[in-house]
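Each protein sequence line maps, in turn, to chains L and V. Quick note: the first sequence uses this note's numbering, first residue 1, plus one each step. Quick note: the second sequence uses this note's numbering, first residue 1, plus one each step.
Calculated from the structure, these hints are not laboratory results. Some hints here could point you the wrong way.
Listed next, the in silico SDA-like pairs over lysine to any residue satisfying Cα-Cα at most 20 Å (straight line) [to be verified]:
id : chain 1 : residue 1 : chain 2 : residue 2
1  : L       : Lys200    : V       : Ala82
2  : L       : Lys194    : V       : Pro58
3  : L       : Lys194    : V       : Asn117
4  : L       : Lys196    : V       : Glu21
5  : V       : Lys144    : L       : Leu290
6  : L       : Lys200    : V       : Ser101
7  : L       : Lys196    : L       : Ile105
8  : V       : Lys230    : V       : Pro29
9  : L       : Lys51     : L       : Lys196
10 : L       : Lys200    : V       : Glu21
11 : V       : Lys144    : L       : Lys51
12 : L       : Lys194    : L       : Ile105
13 : L       : Lys196    : V       : Asp189
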Amino acid sequence: MSASTADTPLAFRRPSGVRTIKNSLATIFVTVATLITIIPLAWVLTTVIIKGYRLLLSSTWWLESQRGITPRREGGGAYHAIVGTVEMALICAAIAVPLGVLGAIFLIEYGRGTKIARGVSFMVDILSGIPSIVAALFIYALFITIFGLGRSAIAVSCALVLLMLPVVLRSTEEMLKLVPDSLREASYALGVSKWKTIVKVVVPTAFGGIVTGVMLGLARVMGETAPLLILVSYAVGINFSPTTDTMGALPTMINAGRDQPPQMPGYERVWAAALTLIMIVMLLNVLARLIARFTTLKEK
Amino acid sequence: MARRIDVKNLDIYYGGFHAVEDVSMTVEPRTVTAFIGPSGCGKSTLLRTLNRMHEVIPGAHVKGNVQLDGTDLYGQGVDPVAVRRVVGMVFQRPNPFPSMSIFDNVASGLRLNGVKNKGVLTDAVERSLMAANLWIEVKDRLGKAGIGLSGGQQQRLCIARAIAVEPQVLLMDEPCSALDPISTLAIEDLIGELKEKYTVVIVTHNMQQAARVSDQTAFFNLAAQGKPGKLIEIGPTEKIFSNPDQQATEDYITGRFG
Numbered sequence: 001m002s003a004s005t006a007d008t009p010l011a012f013r014r015p016s017g018v019r020t021i022k023n024s025l026a027t028i029f030v031t032v033a034t035l036i037t038i039i040p041l042a043w044v045l046t047t048v049i050i051k052g053y054r055l056l057l058s059s060t061w062w063l064e065s066q067r068g069i070t071p072r073r074e075g076g077g078a079y080h081a082i083v084g085t086v087e088m089a090l091i092c093a094a095i096a097v098p099l100g101v102l103g104a105i106f107l108i109e110y111g112r113g114t115k116i117a118r119g120v121s122f123m124v125d126i127l128s129g130i131p132s133i134v135a136a137l138f139i140y141a142l143f144i145t146i147f148g149l150g151r152s153a154i155a156v157s158c159a160l161v162l163l164m165l166p167v168v169l170r171s172t173e174e175m176l177k178l179v180p181d182s183l184r185e186a187s188y189a190l191g192v193s194k195w196k197t198i199v200k201v202v203v204p205t206a207f208g209g210i211v212t213g214v215m216l217g218l219a220r221v222m223g224e225t226a227p228l229l230i231l232v233s234y235a236v237g238i239n240f241s242p243t244t245d246t247m248g249a250l251p252t253m254i255n256a257g258r259d260q261p262p263q264m265p266g267y268e269r270v271w272a273a274a275l276t277l278i279m280i281v282m283l284l285n286v287l288a289r290l291i292a293r294f295t296t297l298k299e300k
Numbered sequence: 001m002a003r004r005i006d007v008k009n010l011d012i013y014y015g016g017f018h019a020v021e022d023v024s025m026t027v028e029p030r031t032v033t034a035f036i037g038p039s040g041c042g043k044s045t046l047l048r049t050l051n052r053m054h055e056v057i058p059g060a061h062v063k064g065n066v067q068l069d070g071t072d073l074y075g076q077g078v079d080p081v082a083v084r085r086v087v088g089m090v091f092q093r094p095n096p097f098p099s100m101s102i103f104d105n106v107a108s109g110l111r112l113n114g115v116k117n118k119g120v121l122t123d124a125v126e127r128s129l130m131a132a133n134l135w136i137e138v139k140d141r142l143g144k145a146g147i148g149l150s151g152g153q154q155q156r157l158c159i160a161r162a163i164a165v166e167p168q169v170l171l172m173d174e175p176c177s178a179l180d181p182i183s184t185l186a187i188e189d190l191i192g193e194l195k196e197k198y199t200v201v202i203v204t205h206n207m208q209q210a211a212r213v214s215d216q217t218a219f220f221n222l223a224a225q226g227k228p229g230k231l232i233e234i235g236p237t238e239k240i241f242s243n244p245d246q247q248a249t250e251d252y253i254t255g256r257f258g
């Protein structure tokens, strides 16, 4: 193509026919691909909502357990399973969040480029690829086979820690990397020590992102089923104690009723439990966004 | 209280790279000293050794001596954190803490060093913002984010933050290079006021700026890329800009190179 010079008149023509066709094809392709991606998501959501919403409208669902309710009977709720899911996730978070955040601080602020940091990073990569059933069996071997402890909710939480830790650590790491060095230097130049700089300047700057990572990690572990199946018996009644052998949870509640035929009242409860789980996870995401928003200062 | 800086036979290295060679100079209290020279000549590096900020880069080290009123900054048992409390710094790009409000930004140095008294903090914030000529513009929105200000205001906020801890020396690393002329003028006026209380050392690429604000000018140069930077000449600003001793200095300030 020859460059236009001063004496050739400028022509701002529309693209040729072939280019218009190519452009339209690309637009159609991209749009269709997006729609195809959305379809399964929308399908799952609408099915779960349509089949499960009715039970969620009654207070019974949120306040009662499944004690004494057979699949043939109406009634009962998911309180026991919600308590179990939330409790196990919180115990897991109480262990995984400090470990993950402090680990990320070590990797970014202290160990950058050192051998030990590369080693730890490599291990975290491996850990993030571990299937949940392997994590569950590892905890089973450690707690039950070696130490002779019983199956319990706390064992589940420990298996979940193995799954949540890499998520929290990696996302915190990425967020700390985004904090510009100029802020660290500004703090050092005020005569502030390294640790205080990290706690008061670096982490608050990355706070919104760290919270998002924690919430994503929580959402992941709440839906895990393998550790529940292997490490704790599903209880239809309410149990708050993390050390006794039974506890309900939403994934195992779904699993326990999944072979019910559609005419059974237990069938609807499976869909309702699935919807409840989705709602809790979505609630966490909304919460993460709100926390991120309220911890950011207004500029004007 | 301003302090005198004595640099004696200072060599600066980044790992195996010799960045600055054999610098000796004296900076008197309550004066402004400007470092000028082409890019890569080590003037920012030298500035950063005056409060041990260069150590943030792994492998950076010095040979020689930097004294603040006779105390060696690189002596045995000297804590770099304590040095930086006395020798403050303003950077090339404004870098207010994004998680903090205007008030908290200015108060951060005191707070992070353990000052909790609300009255002390409020006084310090007001005094520092006034000293940085920013008080009138921000007094009604101290609770808003510091990063919401314009570039020039942000840089003055950073200066207020630096002087809130009452350092005895203030180092400025091209503080106006990211600013428009009006903000630059505001900062230059400010430097003139600051020297009544502090010892100021400023790195600048702008020779007019060096001529306007400084009492003493140091010209740095390097023989070739990859060679260490050297102090070519230091003297009263008037002399450096009218009648320098070295041909290289004259070539640089008259715009023949650099």
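Hints, one by one, checked against the model:
no.: 1; hint: L:Lys200 with V:Ala82; verdict: holds (18 Å)
no.: 2; hint: L:Lys194 with V:Pro58; verdict: holds (14 Å)
no.: 3; hint: L:Lys194 with V:Asn117; verdict: violated (23 Å)
no.: 4; hint: L:Lys196 with V:Glu21; verdict: violated (34 Å)
no.: 5; hint: V:Lys144 with L:Leu290; verdict: holds (19 Å)
no.: 6; hint: L:Lys200 with V:Ser101; verdict: holds (13 Å)
no.: 7; hint: L:Lys196 with L:Ile105; verdict: holds (12 Å)
no.: 8; hint: V:Lys230 with V:Pro29; verdict: violated (24 Å)
no.: 9; hint: L:Lys51 with L:Lys196; verdict: violated (53 Å)
no.: 10; hint: L:Lys200 with V:Glu21; verdict: violated (37 Å)
no.: 11; hint: V:Lys144 with L:Lys51; verdict: violated (48 Å)
no.: 12; hint: L:Lys194 with L:Ile105; verdict: holds (12 Å)
no.: 13; hint: L:Lys196 with V:Asp189; verdict: violated (33 Å)
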